[in-house]
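> Letter by letter, the chains look like this.
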Amino acid sequence: MKRWLVWLPLCAFGIIVAVIAWGLWQPADRTVRSALVGRPLPDFVLPAIAPGKPGLASADFRQGSPRLLNVFASWCVPCVAEAPQLLTLKAAGVPIDAIAIKDTPGDVAAFLRRNGDPYARVGADAHSRVQLALGSSGVPETFVVDGKGVIRAQHVGDIRAEDVPELLQALADAK
Amino acid sequence: MTAETGLAALWLAAALAALQVLLGVIALRRNMPQAVGAIRAVAIVQGALAAIAMGALIRAFLDTDLSVVLVAANSHSMKPWLYKFAGAWGNHEGSMLLWVTILGVAGAAVAKFEHRLAQPTLVATLAAQAAIALGFYAFLLFASNPFARLSPPPPDGAGLNPLLQDPGLAFHPPTLYAGYVGLSVAFSFAVGALVTRDVGPMFARAMRPWVLAAWIFLTLGITAGSYWAYYELGWGGWWFWDPVENASLMPWLAATALLHSVTVLATRDGLRAWTVMLAVVAFSMSMIGTFLVRSGILTSVHAFAVDPRRGSFILVLLLLYIGGALALFGARVGSVRQGKLFEPFSREGSLVANNLLLTVILGIVLIGTFYPIIAAAFDIQLSVGPPFFDSTAGPIALLLVAIMAAGPLLRWRRDEAEALIQRSFPAIAAALFAGVGVFLLGGPIGVLPLAGVALAAGLAVASVAPLAKRNLARAPLHLWGMVIAHLGIAVSLAGMAISTAYTQETLLAVGVGDPARIAGYTVRLEGVRPLVSDNWSALEGRLAVTDESGTRFVLRPQVRYFTTPVTTTNESAIATMWNGQLYTVLGALGDDGRWQLRLWWKPFVTLIWLGGAMIAIGGALSLVGHQYRLWRTKQRAEAFA
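Protein chains in written order, with my numbering: chain V, 1 to 175; chain U, 1 to 641.
If we strip away everything but chain U, and leave its shape as in the complex, we get (with noise of 0.2 angstroms):
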C-alpha cells in the first residue's frame, strides 16, 4: 500500500502544479491578482503531497519492501537502520524524487511567507515554481517511476554501494539539494519579474532572503561533501574538480554572485538586468549539475546509472526552462527600467568586480567541466583534472580575496583610494607581516600557496574592520554575519594554502611493531584483527601513534570487506590536533606478511571545513538579522498605529 499512497501523491502533487500553472496565467492574463489566495493554497497543498511521496519511499526503505523494484535493487534488510533510511535517496529514482519533494516544498514555502512581494509578482513566481515542478513530476512518472513494483520479490535486496554506507549520506544530499533546488525560488522570482517588469529594491528585498537561505545550504552541503569525500574516499583529497564537485560548485559561485548583486539592488537600486540574469544562472547551473550527475554523460563517483532515455528527458527539461528565462530575459531585459548609476570607485564598485570575477571563475569551472566532451568531439580524449583548475581559477580566486577585503572598507557611491589605503593599512600589514613569516620560517612553498597565506590573514583583519571603533553589543546582526562568513573565507584559504604547501605523505610496507615516523610523530602497527558487522567484515589495524612530548594514542584505520554488492572500502582513521590531522589508511596484505601503509600529516586541513562552517553561520545570522529587523519595524509600526 505504502508504494501506491506515494505513487498517487505524485500523481496529486503533478495534477496541481498543472492547475497552478493554468491558475497563475488565466490571473495574469484577466488581471486578476487577486486570485493569489487560490494559487497560494494550491501550491501549499502540492508541496504537502510531494512530502507524502518522499515520506512514503522512505517507509518503504524503512521496511525494506522487497516488492518495490527501487528497494529490492538498492537496499537490503540486513544493514543498519540510517542507511535504509537515507537509502531512499542513495540512488537515481530516489534523488530525483527528493529533488521535487524540495521543489514543491521550496513553492509551498514561498506561497506560505511571501508576503512582500507585489501580487501579480507573485503570481507569475508561483506558476514559474510549479511550471519548473511540473516537468520533473513528469520525469518521474514517466521515466522514473520510484514506486514501480516488482512481483514475485527477491529474497532480499542488492545492497547499498558501500562508499554511501556512511552518516554522510544521511546529511550530505539532502543539504546539497536543499541548496541546489532552494535556487529555485530565485530562478520563479526573475522569471516573475520579468513577466509583469517589476524589478525594484523591492522585488530584491522579497527575493534576498530566499537566496540567503538557499546558499547557506549549499555551503553546508558542499562543506559536508568535502569531508565525506576527505575521510571515505581515503585518498586524503579534500577537493578532486571532479565534474559532479564543479556541478555543485558552479550554482554556489552564481548564487554567491547573486547574494552580493542583490544587496546592491535593495539598498542601492543598481545592477537591476544583472540580478535578474544571475538568478536565472544560478538555478541554470543547479539543472545543468543535476543532468551532469543523473545522465551519466560524465565519468563521476557520484554517477548512479547511465541512461540515454532518460538524459534526453532532462535535457528537454533544460532548453524548456533555461532556454525559455534566457529567451524571457533577451526579449524583457530592454524594457525593465535603468537602475541608478554609480562611481566605480565604490562599495558598488567592488560588489560589481566581485560578481565579474565570480563570473570568470564559473567560466572557467564550465568550460573546464565540459571541455572532455567538447574534446571528444573532435575525437580527443582526455580529461581537465586540478591542474587546470588550480593555475586559472586560482590566481582569480586570490585576487577576488583581495577585492573582497577591501569591498567592506569602502563608502557606497564613491570613494578615494587615498582613504581606502589608510583603511586598510592594518589588513595589508597583517598580509606582509604573515607572507614574510611563512616564507622565512615555513620551509619552501610554491608562489600561489604563499600569496594564500598572505591574503588570508590580510582578509582576517580587513573582515573584522566593519566591527572596529563599533559598540558590538549594538552591531546589527547582519553586519556579524557578514564578517563572519567573509573571517570564514579567509579561515578556509589559510587551510587550503598551508595544507597544501605543507602536507607530508608516505606509503610503506609494514610488518607488527616496525615503527613508521611522519611530521614528528611514530606510528607502530601492533596487530590486525577481524572485525564483523551486520553487513560487512573488516579487518583493523591498531596503529600506536606517540609524538614528540611522549603523548600516546590509539588510530584504527579498516579494511571493509562489503558482501551485497562485494566491494572493498578502506575506512581513514584520523587523529585531530590543533595544528592538523593526522590521516592513516591501512592497505592490503602483501606476499611477505607486511601491511601496506599510507601516512599523511595534514597540517590545518581542519580550517577549511572550520571556514566552510563559518561562512554557513555567517549566512545564517545575516538571515536572521534582517527578519528580525523587519518583524521589528513592523511590531513598531504596530505600537505606532
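With the rest of the complex left out, here is chain V (with noise of 0.2 angstroms):
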C-alpha cells in the first residue's frame, strides 16, 4: 500500500469537518425567495374586502409608477408589528395595495382599525391561491412591482424600522 494512501480517511474527515463547522456556525439561510423576483406578476383578479376600498387585480400594477404589494393577514402577528413601517412609508407617498390571505371582511376592517390603514386597495385571497402563484411562502411578506407590472424586489418577513430605506430604495429603482 502507498504511503500516503493511509492518510486519506484522515483528510476526508478533515474536509467533512470543515464543512460542517462552516455549516454550524453558518446557519443556512432559510427564508424561501420567490422566482418571480424580475418576472411579471402573475394574472389575477381578486374581489374586494376592506371596507370601502376596490379589490386588486394584477393590472393595477400596469399603471407606470412603481407600488408595493403587501401580503398580509388580520391573523398574522408579525403583520401588526410591521403596521407602523407601512404607515411611515405611506407618508411618504408611497402607494400600497395588500393582498389579504384566509381572512373575512369583519376581521379586516377591524385590523386596519386598530392598527391604521396604509393600503389603497385590499384583494382577498381566501385560498392562498395568488400567494402562492406569487412565491410566497408565508405572511407577511411584500414585493416591489414597477409600473409594467414587474415584481423587482421581495421582502420576506416583517419591515422592521431599518428596511424602510432598503425598500425605498427598491422603489427609486423600480422607477
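Please note: incorrect hints may appear among the correct ones.
As the list claims (entries may be wrong) - Facing chain V, a subset of chain U residues (Cβ under 7 angstroms, in silico):
id : residue
1  : G311
2  : I322
3  : A377
Said to hold, decoys possible - Distance windows between CB atoms, simulated:
id : chain 1 : residue 1 : chain 2 : residue 2 : range
4  : U       : S383      : V       : G38       : 35 to 41 angstroms
5  : U       : V436      : V       : G38       : 49 to 55 angstroms
6  : V       : I15       : U       : P386      : 21 to 27 angstroms
7  : V       : A48       : U       : V512      : 30 to 36 angstroms
8  : V       : G93       : U       : L319      : 54 to 60 angstroms
9  : V       : G14       : U       : L420      : 38 to 44 angstroms
10 : V       : A126      : U       : T551      : 38 to 44 angstroms
11 : U       : L507      : V       : S137      : 18 to 24 angstroms
12 : V       : W4        : U       : F388      : 29 to 35 angstroms
If you're looking for bench data, these hints aren't it; they were derived computationally from the structure. Quick reminder that beta carbons are idealized off the backbone N, C-alpha and C, glycines included.
Taking the hints as your guide, dock the two standalone chains into a single complex.
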C-alpha cells in the first residue's frame, strides 16, 4: 500500500469537519425566495374585502409608477408589528396595495381600525392561491412592483424600521 | 427522587468510564494484561449505571413528573401509556441518554462475553469504548441534562410531537440506536487492535459477531423506520433520501462492507488494513449521523431542536474520536503485517469488489447529504433529492447486486470465468426470463426498474444456488443465513423496482357516495364521522372498497387533530393484498362539501420490508450458527479432554 494513502481517510474527515463547522456557525438562510423576482406578476383578479376599498387585480400594477404589494393577514402577529412601518412608507408617498390571506371582511376591518390603514386597495385571497402563484411562502411578505407590473424585489417577513430605507431605494430603482 | 437517582447514576457512570480509561492506559503502559479482570468489572458496573439512569428517565415519563423540565416540555398527563414510555426518547436529551446507555451496555456486554480476543487488545478495546462513553456522558451532564428540574412545575406538559405518537416510536429508535451504537464495539476493537498491532484472523473472528449483531439491529431499525414513514407521513413514499435517513444508511453501508471484509480476514487472512479502516468508518458514520440529527444543521423531519452550542460540543467529540482513530490508523497501519494475497478472480476478489462498490455508494450518499452545506458556503441554495441519489447510487447498487449474485458461486483463492458462467447459468436464465417477461407483459417501465426486476430474479436464483446439491438438513446454519439475507436483498429489490414502475396515484374531490376507481378497485366514501380519544379528536372517513371479483371491505383513513401541541396528522388506511397495497388518505373538506381523497395502488410494495426482515433474519441465523459451532467445538474439546 502507498504510504500517503493511509492518511486519505483522515484528510477526507478533515474536509467533512470543515464543512460541518462552517454550516454550524453560519446557519443556512432558510427563507424561500420567489422565483418571480424580475418577472411579471402572475395574472389575478381578487374581490374586495376591506370597507370602502376596491379589490385588487394584476392590471392595477401596470399604471406606470412603482407600487408596494403587501401580503398580510389579520390573524398574523408580525403583520401587526410591521404596520407602523407601512404607515411610514405611506406617509413618504408610497402607494401600497395588499392581499389578505384566508381572511374575513369583519376581521380585516377590525385589523385596519386597530393598526392603521396604509392600503389603497385590498384583495381577498381566501385559499392562498394568488399568494402561492406569487412565490410567497408566508405572511407578511412585501413585493416591489414597477410600473409595468414586473416584480423587482421581495421582502420576506415583517418590515422593520431599518428596512424602510432599503424599500424606498428599491422603489426608486424601479422607476 | 427519581430524577436525582438518574442524575447520580449518570455521574457515577461517567466517573467509572474515566476510571476504566485510566486503568486501561496504566495496564497497557506497565504491561499488565492481568488487570483485564478489574477493567471488565468496571465496564459492567458502568453499563448497569447507564441503564439505571435510562430507567429513571422512563420512570419520570411514566409518572408524568412535571417538575422535570424534559417531561414538562415533551409529555402530557393525558397521553397513552405507550407514548409516555417511548416518549422518554422522543426528544433530544432522552435520545442522547438512550445513545450512551446503549454505548455503556455494549461495553459491558464486551466485558462480560468476549473471551477470544487477546488480553492486551481487550484491555485497549475496553479503554477505547470507555473513552467514547466518557465524552458523551460529559455531553449529557454539561450540555443536555435530561434530569434538570423545573420550579414551580407547570399544571400540565406540552405534549409529544403527534407524528411521533405511533407504536413505531417504541420500536424504531431503540433498534436503530442499538445498531448505530453497537458499531462502537467494532470501532473500539479496531482502535484496540491498532494500539497493540494485533490484526489477524483471531481478531476478525472475535469482532465478527459484534459487527453482525449491530448490523442486524441497524437493518431492522432502517426497515422499521422506512415502513413507519410510509404509513405515518401519508405521502406513500418509503424512502425520501432525507439527511437523517442517509445518516442511518451510511453506517449500514459501511457495516455491510465490514461484515464481508471481516469474513475475508477471518477465513483467508486478507484485507487487514482495509477491515480495520471500515470498522473505524462504520461507527464514525454513526457519530456523524448523530451529529447531523442533533445539531440541526440540516433541515429534517427528525431534528428535535437547533442549538449550535450542543452542535459544537458534539463536533469536538467527533474531532477527538474520529480524528484520533484515523490518525492512529495512519500512524500504525503501516506496521500491521501484510495479509495473504489472492487472485482477483475469486471469492475474495468478489468480496473486494463488493467492498469497493459499497464504499462508492457510501461516498455518493455522503457527498449528496453534505452538498447543500457546501453549496451554501458559495451562497447557492439547493437541496439534493431523489433524482440525484437515484441516478447515481441506483446503477452502482444494481452492479453490486450482479456481483452479489456471482460472489457465493465463486471459489476461494482462484476460479475460472468459464466455470462461473456455467454455475450461474440458471441465474442468468432467470434474469433474462423476468426482464423480458416484465418488458413484454407489464406495460411501460423505466430502464432502472426493469434492470432491477431482472437482477432481482437472477439474484434470487443465484442466492439459493449454494444450497443446491446439498443435504438441506445438514447445511450449516450460517450458510442458510447468507442464503436468506441475499434472498432478502432480491425480494426487497423486486419490491422497489415493481412498486416504482407500476404505482398508480390519484387525487380527487369526492362527495359522500361518489365512486372513485383505481387499479380495478372501486372506492366509495360512505360517510365521515367524528371520533375522540385521550389526546386527539379525529374525522374518520368510511371507505367501502370493492375489488374486481366483487369482494367488499372497509378502510377508515383519519384526519387527526391533536390539542397538545396543536397539529393535524393524516392517518392513512392501508389494505394489504397478496400483490400490493391500496393506500388511502383522507384530506381536507372543500368549500363545496366534497372531501379530498388521495388513493395509491402500490403493487408488491410490501416486498421491500419483507426483504428487509429477511436480511435481518439471515444475519441472525448466521450469528446463531457461528456461535453454535463455536460452542459445539468447545463441548467436543472438553469431552475429548
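> Take the hints in turn and mark each one as holding or not.
Hints, verified against the model:
1. Annotation: G311/U was flagged as interfacial toward chain V, and the flag holds, the nearest CB pair being 5 angstroms apart, inside 7 angstroms.
2. Nearest Cβ of chain V to the Cβ of I322/U: about 6 angstroms, under the 7 angstroms cut. The hint holds.
3. With 7 angstroms as the threshold, the beta carbon of A377/U comes within range of chain V, its nearest partner Cβ sitting at about 6 angstroms, so the hint holds.
4. Between S383/U and G38/V the Cβ separation comes to about 22 angstroms, which falls outside the hinted range of 35 to 41 angstroms.
5. Taken as a hint, the range 49 to 55 angstroms holds for the pair V436/U and G38/V, whose Cβ atoms sit roughly 51 angstroms apart.
6. Restraint check, I15/V to P386/U: a C-beta distance of roughly 25 angstroms satisfies the suggested window 21 to 27 angstroms.
7. Separation of A48/V from V512/U is about 35 angstroms and conforms to the stated range, judged on CB atoms against 30 to 36 angstroms.
8. In this structure the hint that G93/V and L319/U lie 54 to 60 angstroms apart at CB holds, the actual value being about 57 angstroms.
9. The hinted window of 38 to 44 angstroms between G14/V and L420/U holds, with their beta carbons roughly 42 angstroms apart.
10. Range check, A126/V to T551/U: about 42 angstroms between beta-carbon atoms, so the 38 to 44 angstroms window is met.
11. In this structure the supplied range 18 to 24 angstroms holds for L507/U paired with S137/V, their Cβ-Cβ distance being about 22 angstroms.
12. Checking the proposed 29 to 35 angstroms range against W4/V and F388/U shows it holds: the Cβ atoms sit about 31 angstroms from each other.
Of the numbered hints stated above, the single one contradicted by the structure is hint 4.
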